[in-house]
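Asker: Spelled out, the chains give:
There are 2 protein chains.
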Amino acid sequence: MAKDKKMVEAITSMDVDFAQWYTDVVKKAELCDYASVKGCMVIKPAGYALWENIQNELDRRFKETGVQNVYMPLFIPEGLLEKEKDHVEGFAPEVAWVTHGGLEPLQERLCVRPTSETLFCDFYAKDIHSYRDLPRVYNQWCSVVRWEKTTRPFLRSREFLWQEGHTAHATAEEAEERTIQMLNVYADFCEQILAIPVIKGQKTDKEKFAGAEATYTIEALMHDGKALQSGTSHNFGDGFAKAFGVQFADRDNALKYVHQTSWGISTRIIGAIIMVHGDDNGLVLPPKIAPTQVIVIPVQQQKEGVLEKAYELGSRLSNFRVKVDDTDKSPGWKFSECEMRGIPLRVEIGPKDMANHQAVLVRRDTHEKTIISLDELETAVADMLETIQSDMLERARAHREAHTYSAANWEDFTELVNHKPGFVKAMWCGDQACEDKIKEETGATSRCMPFQQEHLADTCVCCGKPAKKMVYWGKAY
Amino acid sequence: MAKDKKMVEAITSMDVDFAQWYTDVVKKAELCDYASVKGCMVIKPAGYALWENIQNELDRRFKETGVQNVYMPLFIPEGLLEKEKDHVEGFAPEVAWVTHGGLEPLQERLCVRPTSETLFCDFYAKDIHSYRDLPRVYNQWCSVVRWEKTTRPFLRSREFLWQEGHTAHATAEEAEERTIQMLNVYADFCEQILAIPVIKGQKTDKEKFAGAEATYTIEALMHDGKALQSGTSHNFGDGFAKAFGVQFADRDNALKYVHQTSWGISTRIIGAIIMVHGDDNGLVLPPKIAPTQVIVIPVQQQKEGVLEKAYELGSRLSNFRVKVDDTDKSPGWKFSECEMRGIPLRVEIGPKDMANHQAVLVRRDTHEKTIISLDELETAVADMLETIQSDMLERARAHREAHTYSAANWEDFTELVNHKPGFVKAMWCGDQACEDKIKEETGATSRCMPFQQEHLADTCVCCGKPAKKMVYWGKAY
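Protein chains in written order, with the numbering used here: chain E, 84 to 560; chain H, 84 to 560.
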């Protein structure tokens with residue numbers, strides 16, 4: 084029993100130290116490890132399987148909207164990065180530079196892509212000629228590099244995996260439509276598959292992407308009340324097109340600039356899964372994204388027929404992603420381990436259960452035990468996975484609602500931001516000066532101007548001037 | 084008609100200039116394009132869809148053998164690359180070096196991975212403790228960079244996509260078994276899915292991978308008689324384990340070094356598909372790998388009911404990867420275009436066909452036309468795709484057999500190598516001096532010592548000393 088407990092004891096309680104709890108879960112659930120290059124990750128099988136499921140789900144949704152996958156080079160020549168002024172200012176300070184190829188110094192430095200707008204624009208400028216070539220709705224799955232000073236696994240790493248969609252359209256309307264369409268794909272994916280409810284909205288000018296006309300975001304609330312930007316979609320208007328000369332001959336024969344978008348979601352979302360659903364026993368995975376949905380654990384497996392019965396249940400459940408834990412570890416150790424790894428449902432089967440023609444189902448999210456007749460195994464498991472999935476979304480939504488506050492004046496606002504972890508809704512005049520002041524004095528940033536606006540007051544919570552927008556504020560990862 | 088022909092005219096005939104034909108096909112079939120960084124590719128939707136199908140097929144086969152996917156960092160610190168002597172000598176001259184992160188110079192240079200043995204070893208050294216941790220059978224899908232001087236799309240590019248498997252085992256036998264197992268996975272995949280027959284064998288010491296004890300290879304013959312190394316599998320013995328200190332406590336409590344393997348296949352294989360199957364009309368894709376297997380082309384589509392009928396046939400064929408070309412291009416243009424793109428089978432449907440309750444099937448590989456009753460559409464298409472797949476393999480095999488020669492003496496050998504493009508089988512004494520001489524005097528390299536050895540003569544074709552092995556020789560990409 085001492086041995087069984089060891090695995091659990093190594094996790095810090097989230098109430099004691101949330102940051103340490105997070106690191107412990109990442110490590111003990113074997114999602115990733117640090118590499119010898121500071122700030123870079125080794126994504127281990129359990130973490131990568133999660134990413135593969137995320138990729139499969141998103142890629143299918145993308146393709147249903149007409150997205151085609153491509154691959155652009157890893158390197159961007161310095162001159163190309165510099166073509167769009169805001170963009171280079173945003174990214175140049177945090178890129179890695181290649182200066183030598185083999186034994187020779189390069190004539191022009193190459194940066195390792197931090198994002199690929201410039202490469203897509205360079206390509207589109209050569210490849211798009213006529214309105215017949217539009218729209219272009221391309222996406223790539225790749226790794227990108229940003230030389231961050233402070234790093235944390237999944238949340239902020241010097242290299243991370245992501246997808247970046249880059250589209251070109253004949254009209255501004257079509258570009259805006261695509262920007263919102265992809266934000267909705269992300270939001271639906273987060274809610275339906277990851278059981279993470281999100282706030283959809285627009286970033287302020289201060290917080291928008293370097294070079295974008297408008298940035299839209301989905302914001303999720305973590306268990307500790309901090310916000311996590313979980314996916315973004317940008318409308319570039321024709322700014323990049325003008326900088327790179329991406330033009331097309333329209334139906335009226337006039338030469339026009341294309342309108343562009345880009346949108347991305349990254350391995351950061353794995354951090355959100357951990358911090359929205361996890362508990363002091365480890366990871367808790369929503370069934371729809373879990374690499375293993377059901378684990379069958381034989382109890383007293385040395386007794387005759389137990390292991391065989393476990394295999395039999397495993398094969399009856401082969402429509403699910405199922406595993407049978409037939410290792411020689413103790414059942415207690417196995418229970419701790421599958422809890423740590425976040426497997427949504429476990430099926431316990433031992434000699435007593437066999438005698439009663441039953442099995443014990445244990446939910447990972449609530450620890451609730453249910454005894455079922457073996458006759459109803461498949462349907463009971465299917466029902467329970469569905470219940471777990473929807474309960475997890477509801478619980479996350481309730482947690483977010485319980486941690487979303489409104490403030491009509493500066494005193495309430497600072498009181499809430501400083502003492503109530505969560506989102507604070509407040510009115511804003513639209514001036515960056517107020518955003519700057521709020522960040523400086525409270526550490527909170529504007530998360531988004533939500534699509535669902537509310538009228539909380541007439542005046543800006545910071546300066547008292549007439550308010551233009553309601554904003555979600557919060558401390559963020 | 085002039086317009087219809089334009090697309091085809093732009094391709095150089097392969098008999099006139101095979102290299103130019105290759106470049107033309109890559110470009111006109113829209114597989115990839117050059118990027119602004121010399122030697123790097125933009126892989127376009129048609130090329131990437133091919134790669135996705137290759138990935139799906141291989142990944143499924145890998146996982147059936149117990150492979151788990153992971154992701155290692157893009158960067159290797161210089162000190163880590165230097166740990167295995169042969170390995171660093173092999174790769175250091177052709178890597179790209181990152182020297183700056185953001186605005187700061189780095190304390191230690193980082194190379195962009197040319198391959199990841201060193202990263203996996205570094206990880207395994209920390210992560211493997213006991214025989215219970217073995218075997219480790221990891222793989223990653225990623226891009227790698229090698230600063231080649233001369234580059235060609237897919238065949239030799241400074242950045243390319245691949246998978247690299249890296250495994251660690253308790254015994255030398257198990258490592259050797261895995262090395263051969265993965266070579267067989269590659270060979271089966273090439274033959275069954277890509278319709279490319281391959282010679283399986285071992286590389287000579289001169290040609291083996293930097294740091295490997297043994298390298299196994301699959302070698303394919305291109306249409307022009309040149310060889311292409313299409314996949315390799317390496318047995319490292321315990322060489323890397325000793326350099327990196329990868330040890331485990333065995334069942335007998337003794338501390339032992341692991342035995343390691345690695346194996347990879349890259350976007351280079353797309354070059355093989357082009358050069359084995361292509362013809363003067365463009366790409367020819369085997370049905371099992373083709374992103375679009377069947378294209379339905381309406382003839383006289385402005386006539387009433389034609390377009391509707393084409394859609395109907397398209398939806399009847401939805402079990403295949405099917406497209407209906409309903410663009411306003413002429414049928415002749417559409418025919419040329421789908422030939423250029425290599426779509427295995429086209430279904431033509433026009434008013435006359437409709438009156439006769441028939442359709443015309445045209446095979447891409449043979450241009451053979453077959454009129455079928457619409458009643459048998461689904462089965463006729465299924466049968467024909469199967470026939471195309473097996474005919475393509477047989478044709479490629481026949482081509483290779485017709486271009487494989489044997490030489491028992493130096494005169495025959497040089498005559499064949501210089502005047503008969505293809506493989507030349509000949510006996511070899513085992514001395515690198517003879518390999519060097521053959522390469523210098525004829526340009527041919529040893530492709531492999533095939534598993535299926537033949538006894539062609541008693542003496543080495545080069546020096547006349549007693550022969551040890553039969554070797555496949557050839558000029559190679």
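Derived from the structure by calculation, the hints contain no laboratory data. Small disclaimer: the values here were computed from a predicted structure and weren't measured. C-beta: ideal position from N, C-alpha, C; glycine also. Please note that the accuracy of each hint is not assured.
[Said to hold, decoys possible] With a straight-line Cα cutoff of 30 Å, these simulated DSSO-like cross-link-like pairs (lysine-lysine) come out: (1) E:232 with H:209; (2) H:146 with E:111; (3) E:111 with H:339; (4) E:392 with E:406; (5) H:166 with E:110; (6) H:522 with E:339; (7) H:386 with E:121; (8) E:412 with E:111; (9) H:452 with H:503; (10) H:110 with E:209; (11) E:325 with H:121; (12) H:406 with E:146; (13) E:371 with E:412; (14) E:146 with H:291; (15) E:146 with E:232; (16) H:110 with H:339; (17) E:111 with H:209; (18) H:325 with E:121; (19) H:386 with E:339; (20) E:412 with E:168; (21) H:289 with H:522; (22) H:503 with E:110; (23) E:121 with H:166; (24) H:406 with E:168; (25) E:110 with H:412; (26) H:452 with H:386; (27) H:166 with H:309; (28) H:289 with E:406; (29) H:168 with E:166.
[Unchecked claim] Facing chain E, according to a computed beta carbon distance under 10 Å, are these residues of chain H, among others: (30) 125; (31) 135; (32) 163; (33) 185; (34) 214.
Asker: If a hint holds in the structure, say so; if it does not, say that too.
Answerer: Results of checking the hints against the structure:
1. E:232 with H:209: holds, 25 Å
2. H:146 with E:111: holds, 24 Å
3. E:111 with H:339: Given pair residue 111 of chain E, residue 339 of chain H holds - Cα atoms ~26 Å apart, limit 30 Å.
4. E:392 with E:406: holds, 13 Å
5. H:166 with E:110: Given pair residue 166 of chain H, residue 110 of chain E holds - Cα atoms ~27 Å apart, limit 30 Å.
6. H:522 with E:339: violated, 56 Å
7. H:386 with E:121: violated, 66 Å
8. E:412 with E:111: It holds: about 17 Å lies between the C-alpha atoms, which stays within 30 Å.
9. H:452 with H:503: violated, 34 Å
10. H:110 with E:209: holds, 13 Å
11. E:325 with H:121: Judged against 30 Å, a Cα distance of about 25 Å means the pair holds.
12. H:406 with E:146: holds, 15 Å
13. E:371 with E:412: Within the cut-off at roughly 28 Å; holds.
14. E:146 with H:291: Violated, at about 41 Å.
15. E:146 with E:232: violated, 36 Å
16. H:110 with H:339: violated, 52 Å
17. E:111 with H:209: holds, 15 Å
18. H:325 with E:121: holds, 25 Å
19. H:386 with E:339: Answer violated: residue 386 of chain H to residue 339 of chain E is near 35 Å, above 30 Å.
20. E:412 with E:168: It is violated: about 59 Å lies between the C-alpha atoms, which goes past 30 Å.
21. H:289 with H:522: Given pair residue 289 of chain H, residue 522 of chain H holds - Cα atoms ~11 Å apart, limit 30 Å.
22. H:503 with E:110: Not satisfied, since the Cα-Cα distance of roughly 59 Å exceeds 30 Å.
23. E:121 with H:166: With Cα atoms ~19 Å apart, residue 121 of chain E and residue 166 of chain H stay inside 30 Å; holds.
24. H:406 with E:168: violated, 42 Å
25. E:110 with H:412: Distance of about 57 Å is beyond 30 Å: violated.
26. H:452 with H:386: holds, 23 Å
27. H:166 with H:309: violated, 36 Å
28. H:289 with E:406: violated, 45 Å
29. H:168 with E:166: violated, 42 Å
30. 125: holds, 5 Å
31. 135: holds, 7 Å
32. 163: holds, 6 Å
33. 185: holds, 4 Å
34. 214: This hint is violated: residue 214 of chain H lies away from chain E, its Cβ roughly 13 Å from the closest one there, beyond 10 Å.
Consistency with the previously given hints fails for numbers 6, 7, 9, 14, 15, 16, 19, 20, 22, 24, 25, 27, 28, 29, 34, ordered from lowest to highest.
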